[in-house]
Structures are given as structure tokens and as C-alpha cells.
Amino acid sequence: MSATPYERVKLARDNNRPTGLDYIRNIFQGFIELHGDRRYADDPAIVGGIAWLNGNPVTVIAIEKGHTAKERAYRNFGAPHPEGYRKALRLMKQAEKFGRPIVCFIDTSGAYCGIGAEERGQGEAIAENLLEMSTLCVPILSILIGEGGSGGALALAVADQVWMLQNSVYSVISPEGCASILWKDSSKAESAAESLKLTAEDAKSLGVIERILTEKDIGKKDFYDRIRTLLHEEINHLSNDMDLINKRYARFRRFGADAVIQEYV
Amino acid sequence: MAFINFLKPKNQLEEGGRTAAPVQQDAGEPEKNCPNCHKDIPISRLWANDLVCPCGHHFRMKARQRIKILTDKDSFHELFAEIQPGNPINFPGYRDKAETARMASGEEEAVLCGTASIGSQNCCLFVMESSFMMGSMGSAVGEKITLLFEYATRRRMPVIGFTVSGGARMQEGLLSLMQMAKTSAAVKRHNDAGLFYLAVLTDPTTGGVTASFAMEADIIFAEPGATVGFAGARVIEQTTRKSLPARFQKSEFVLEHGFVDGIVPRSEQKSRLAELLKMHNGR
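Line by line, the protein sequences give chains A and B.
Everything in the first sequence is counted per the working numbering, starting at 135 for the first residue and increasing by one.
Everything in the second sequence is counted per the working numbering, starting at 4 for the first residue and increasing by one.
Rather than coming from a laboratory, the hints here were simulated on the basis of the structure.
Check the hints yourself; a few may be wrong.
Pairs of lysine-lysine residues, derived as DSS-like cross-links and limited to a Cα-Cα distance of at most 25 Å, are as follows [to be verified]: (1) A:Lys204 with B:Lys100; (2) A:Lys231 with B:Lys191; (3) A:Lys318 with B:Lys245; (4) A:Lys322 with B:Lys100; (5) A:Lys227 with B:Lys191; (6) A:Lys338 with A:Lys350; (7) B:Lys35 with B:Lys71; (8) B:Lys100 with A:Lys318; (9) A:Lys381 with B:Lys191.
Pair ranges (Cβ atoms, derived) [stated by the list, open to error]: (10) A:Met376 with B:Gly261: 37 to 47 Å; (11) B:Gly122 with A:Asn188: 58 to 68 Å; (12) B:Val238 with A:Glu324: 18 to 28 Å; (13) B:Asn93 with A:Asn370: 35 to 45 Å; (14) B:Val238 with A:Lys227: 28 to 38 Å; (15) B:Arg286 with A:Glu328: 41 to 51 Å; (16) A:Ala391 with B:Asn125: 23 to 33 Å; (17) B:Gly285 with A:Ala384: 27 to 37 Å; (18) A:Ser136 with B:Thr243: 34 to 44 Å; (19) A:Glu205 with B:Trp50: 51 to 61 Å.
Listed next, the stretches of chain B that the computed footprint assigns to chain A, with coverage defined by at least 3 CB atoms under 8 Å from CB atoms of chain A [what the hints assert, rightly or not]: (20) 78 to 91; (21) 128 to 134; (22) 142 to 149; (23) 190 to 200; (24) 211 to 225.
All values derive from a computational prediction rather than experimental measurement.
Built from N, CA and C at the ideal position, the CB exists for glycine as well.
Okay, chain A solo, but in the shape it has when bound (with noise of 0.2 Å):
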């Protein structure tokens, strides 16, 4: 009945999916974009800014792919460079300042592989939000709509909830990439995805998401709806509890602690 793993890295590439922007300007009302990472450039493969949900200010950040040939091109395919991320880190700084709710919208197939990219440290970049992240003071809720590519992904995703569409994947590496260096045969890519467990069903079970999203009627008006509810839901629980940091060091705490071997214990 279901898709099998390779056909929902598909239908999570396809480009007629609505993309970042498209989730920002139908669940959130009013939203103004904010630019550039004060440091080096502005990354359009991160859009980011303040919005309202159901009256109250958010921070939203978005990976965003683009639709036509030429936002696309525009947007990078949605691979970040370091630019994006430190905007991002700046964009949440703020949020913790004024303590308003983080929502993050994922859709990579990894961070640029580039020469600048390298040059401006797109590794640096994304620890330190991997770092910075772990300690925001105020809820964080990510959502993977598409592609959920490795460290570009994980870099908008040190939260205290991580939900995905229905045919969105979560991987730490593209199945492609994870069978031309297994097997030196990137045509092995439909064995690769049934492997690397990455679809949502298989995240819920590790436990690396709390909800998976259905895709019924989606980029419609009932569909937007009924996530801007469950954020909506979601967030006012999040921002009751007191215990947010600890919590959220918890949860990444726990992944793999129970996977190793423990021979002499």
C-alpha cells in the first residue's frame, strides 16, 4: 500500500511540493522577512523573519527551494550556505531575546558542497548552532517538508520537537551518496534508502521525531490549517514548561545510549 523508502526520497524531491515559503504564507499571518547574517551575505536558501501565529509573534525560518527553473536557481536548490545558518542563529538569538517561539520549516538535500562555502566555514557553521541551539531558552519546533539532508538538515533541528510530513526523509546522507561510497554504484540508491532507515514512519520508531504529518490535501487551506492548529497547540504547551532546556538535552541525549553494546556491564 505504502511507498516504498526510494519512492518517497522521490515524492520528497518533487518539485511541485510546496516549499518553505509556501508553509510561512499560509499558516502564519503578517510575516516580514529579515535579511542577511550581519556578517558576510544574505542566503536565499534561508528565508527567515517574524510572523503571528493565531495572534502571537513567532520566529520562522525556512529552507526554501523555490518552484520555477529560476527561483531555483535563485534559492540554490535550497542548499544553505554557512551565510544561511548564521542568519538563522541570528534570527534565533533575537527569538530567545524576546522570547518568542522558534518554528523551522526543513527542506535540503544537504548543505552546499561549494569552494566558498568551505572557504566560510560551512562546518563551523553549522556546530555552532548545533551548540547554540541546545541551550535557547525559549521552544523550538521543526518540521521536515521535504528533503532532511544530513548536517544541513540537523543544523535547523536541535528541538524540542521534530515533526515530519507523511513523505518528507531524514537521512545522514543521500541514499546516492551512501551507495556510491558503500558499493562504488550510485544505481544501488533503491537499497541504500530501504537501509538507512530515513522515511518518517522509520524516524518515529528511532524516536527522532514526536509526529508525523499526513499529506491529505496538501498546500491546501485544510491542510495548513490543521498544522497551524497543532502548532498552534504545541507551542503553548512548550512555552508552560519550565524545564525546556533540560528536556531538550534529554532528548538528544538519549539517541544511541541504548544501541551500543555494553559488554562488561
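Following the hints, position chain B against chain A.
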């Protein structure tokens, strides 16, 4: 083996026929070709020089050997050695691969953790092992590093870390990715407690390790000529279809772009680390 000796042609010296031995002192001694100066260097000479070629090229070094040259005699006490890799997503072939790595490296995982003193300065220490699946980070590596930072935070101790890694270990899927967030959160708690963390990046430090605890230290050094980066050079070439600049992602390049504090050759590491530990007053 008298019988074999009997068959062997007699040594000319024993015959008294020649006065000078034509045999070279180290003929037949194994040599290693240096990828930098392309000379064949006798292994014994490399070992005597901590695996650094006379031209300055730093060969990769096993974690235990590094600990031996870096720490005060018998001061290293290993921690969390019982933690081994599992196969959390039943990835095909992973168990065999890990077993092969265990045999090849003589270690249980791609990182060694413990406490040690360096120039009489006490610290927590982790050293990654390249011969175990190229130092890749799975759940066990993430767990050991996290436990070490938690241990150091509780006891108010500084952490010294030597990194070498191809990145996250894909055979553990998403759980490997999560180790980046887990270790980072532990580094942050150590940092927020006002404690000192120094990382030395060795060849190669890439991928998910660069994008987490390698780049989160208060002071970051690199070994000369080490590859330090996020994406692999081949992937970048394929993605951008551009030829890469000279010495791209080498530690000198990374220093020039402002992402490491300095390049410290192996021979100077112990004294430099001891001095900095001292300057941070044992924290």
C-alpha cells in the same frame, strides 16, 4: 638449523677473502614513501621522529601511540572502554565491517577516552582512531565523547581532544546524525560551566565531526598538512565542476580563512598543550 646453514653459501668475511663488508647497515629495512617529498624513509627513522618525515610531513598516528607521546608516563587512565558499536538499524554488512575494523585497529571503537596528565597538568582526553572505519562517528563514538564531557563537567576538568574522522557513520543512519547534536549539547554544558576545551584537528577531520565537536572548542589547533573541511573534495569538484584551489582544505588554508587558532607540529604539541592547560588554571 644446522642443515640449512650447511647449504648456505659461506660468508666471504668468514673466508677471510675481503676486509670491508659490502652490506649496508639498514638494507632490507622497511621503508615508507612520503607522499610529500616522495622519498623512501626507513620506518625506524619515522618512529624515532613521532611519524614525522624529515620534510615535515605528518603521517597518521594510532590513537594509543599518540597518547603515549603526549601524556606523562603511565598517567593515562582509560574510561568507557566497555562501550562498543551495536547495529541499531540492522544495516547490511555493518557487523562484519565493525569486526574487521576491530581486528585491524586493535580497538573497540574509533575513539579512546580517559584522564591523563600532560606536562603535569591534569585533563580529560579523547583521541580518535583513524584505523577504525576512518574514525567515523556512530552511537558508540558519540556516547563516549558525550560521557567524557559530562565527566569533565562534573569534576570541573578541562578537555583535550584529537580528532580524525571521515564524518558520521552512515551504517547507523539517523542515529549517527543525532550524535552531532548530542555531543554538541554536552560540549555546550561543559562550556557554560566555564571549563576549557582544546581540540587538535589531525588528518583528516571532515563531515559530521567538523560540523560538531571539532569546531566547538575554545582553542582549535591543526596538525601541519591535515585535511580539515566539511564536504569531501571530490564531491565539491563534482558539484561545482570547478577545479579546486591549491592546498584546498589543508590546515594552512583553514588557518588563512580564520577557522583554526594555529598549526602546531607534533613535536611541539605536548609543551603547547601543557602551557595552555596551565594558563587556564586546571579548568
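Query - Earlier hints that do not hold, by number - result: As far as the earlier hints go, 1, 21 are violated by this structure, in ascending order.
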